[in-house]
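A.B. asks: Given next are the chains, with one letter for each unit.
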Amino acid sequence: MEVLYFAWVRERIGVPREHVITQAATVADLVAELRAREDRYDLAFSDLSSLRVAVDQELADFDAPLAGVREVAFFPPMTGG
Amino acid sequence: MRISVQEEAFDLGAVSTEFASGHKDMGAIVTFTGIVRDLPDDPLQAMEIEHYPGMTEAALRGMAEQAVERFSLGDALVIHRYGRLVPGEMIMMVATAAPHRKDAFEAAEFLMDYLKSRAPFWKREITATGSEWVESKDEDEDALTRW
Chain A
9 MEVLYFAWVR
19 ERIGVPREHV
29 ITQAATVADL
39 VAELRAREDR
49 YDLAFSDLSS
59 LRVAVDQELA
69 DFDAPLAGVR
79 EVAFFPPMTG
89 G
Chain B
21 MRISVQEEAF
31 DLGAVSTEFA
41 SGHKDMGAIV
51 TFTGIVRDLP
61 DDPLQAMEIE
71 HYPGMTEAAL
81 RGMAEQAVER
91 FSLGDALVIH
101 RYGRLVPGEM
111 IMMVATAAPH
121 RKDAFEAAEF
131 LMDYLKSRAP
141 FWKREITATG
151 SEWVESKDED
161 EDALTRW
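Protein sequences, first through last, are from chains A and B. The working numbering numbers the first residue of the first sequence as 9 and each following residue consecutively. The working numbering numbers the first residue of the second sequence as 21 and each following residue consecutively.
So that you can see chain A by itself, here it is in the shape it has in the complex (with noise of 0.2 Å):
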């Protein structure tokens, strides 16, 4: 699937987006892959509360099942208007 970061979540990580082939189950399973990655995404990951997550472009819980999901995205909370 493909998993997207924004703001300073792609700061952290250093790529706007990234290929990633997992089996995980969950966001949070995907998320505990990534982090025992590189320190990089560690400290990316390190707080959940000060995070957002979109799955196939919807806002969702760290729970959402991953199954035929496209598209992840990690974002801070956002900001507009």
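Keep in mind the hints are simulated off the structure, nothing from the lab. For glycine and all other residues, C-beta sits at the position ideal for the given N, C-alpha and C. Treat the hints with caution; some may be incorrect.
Quick list of the computed label-pair ranges, beta carbon to beta carbon [what the hints assert, rightly or not]:
| id | chain 1 | residue 1 | chain 2 | residue 2 | range |
| --- | --- | --- | --- | --- | --- |
| 1 | A | Glu79 | B | Ala148 | 48 to 56 Å |
| 2 | B | Gly42 | A | Ser58 | 41 to 49 Å |
| 3 | B | Glu109 | A | Glu19 | 20 to 28 Å |
| 4 | B | Glu109 | A | Ala44 | 22 to 30 Å |
Assemble chain B onto chain A, guided by the hints.
C.D. replies: Showing chain B alone in chain A's frame:
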């Protein structure tokens, strides 16, 4: 209904006039415009706005559709810019058309409250001393509870 996520500036007067035209059964048009505001202590050089192409348009359309249904609007418009803006520039606008003013005002507030914390935009303020991502405010989240 018109949704636009764009880098270029928009003409508030022209957009408002066009929006207000052609609704013979709509007695009230409300427009709101957001402006890049300078910072009192650390002058703002620019504001950079990032967004999530695809999700942004869908989120704005969803909000506008909700507003139309909930407040019986005849029409709704949302324009939101991204990229690098300087103080005084217009960031975004909403416009609502309803038979009566109460619905038009409330729908504009509803749209603004949702835009603040449910539209995937992120702002970064750039000053002479550095740059910082704008943090979301608890009150913006709390504002949604009244709807």
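A.B. asks: Hint by hint, say whether it matches the structure.
C.D. replies: Going down the list of hints, with the structure as the test:
1. A:Glu79 / B:Ala148: 48 to 56 Å: violated, 38 Å
2. B:Gly42 / A:Ser58: 41 to 49 Å: holds, 45 Å
3. B:Glu109 / A:Glu19: 20 to 28 Å: holds, 24 Å
4. B:Glu109 / A:Ala44: 22 to 30 Å: violated, 43 Å
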